[in-house]
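Let's have the full structure, built from the sequences with the hints guiding it.
Chains as they are written, first to last, in our numbering: chain A, 36 to 148; chain B, 1374 to 1485.
If a hint is listed, it holds; no wrong ones were tucked in.
Pulled a few chain A residues facing chain B out of the computed Cβ check, cut under 7 angstroms: (1) GLY78; (2) PHE138; (3) LYS140.
Everything labelled a hint here was simulated from the structure, so no lab data went into it. Ideal Cβ positions, reconstructed from N, Cα and C, are used throughout, including at glycine.
Chain residues, written in single-letter form:
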Amino acid sequence: DQQVKQNSPSLSVQEGRISILNCDYTNSMFDYFLWYKKYPAEGPTFLISISSIKDKNEDGRFTVFLNKSAKHLSLHIVPSQPGDSAVYFCAASLMNRDDKIIFGKGTRLHILP
Amino acid sequence: DTAVSQTPKYLVTQMGNDKSIKCEQNLGHDTMYWYKQDSKKFLKIMFSYNNKELIINETVPNRFSPKSPDKAHLNLHINSLELGDSAVYFCASSQQGVLRAFFGQGTRLTVV
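Following this line, the structure appears as structure tokens:
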């Protein structure tokens, strides 16, 4: 039972353009969402998060949008850079339960020169 | 300085063997975790420890036994290894729960 779904296993984007990574979730109780970035042979690193009281959170080139009614969030990277090539994991959790987080399967982003 | 370090990075072993993966964090975090990323690429939590006490045990076979000698270390011992145990195992730590965890580089375990 996939509670967090990333339906695109991979995505290719031209350098300088916008990268949009999508994520859907099924549990309406989730109230905190995160994106992690993972390079090969390294562990995931935290990128950006958003709580359910917001619909947008921005940090430099990275913006996460949350649509609670659609149970959908997306990560926008503008402009895309070669170093952004990595696997991006969407994750969801409950803020009042700091014990576990549900991860998606990840989307591999390729930034093309 | 590596914040969360786990050893070994690669581990190839035969079915039936017992092996351990070590994890250490120098961030002063209270909570440590073990995650498993299987062939389907899902990252699933296995265990979490808070100040050396087990908090989560997510339906993991009892062949897997975490050991936390102190809050900076959480080792994973696996008995009687099976083919299905082949995966990448990630250690992680956090101060405010999993919501912002720091991960180690992973240990790729291959059981042959």
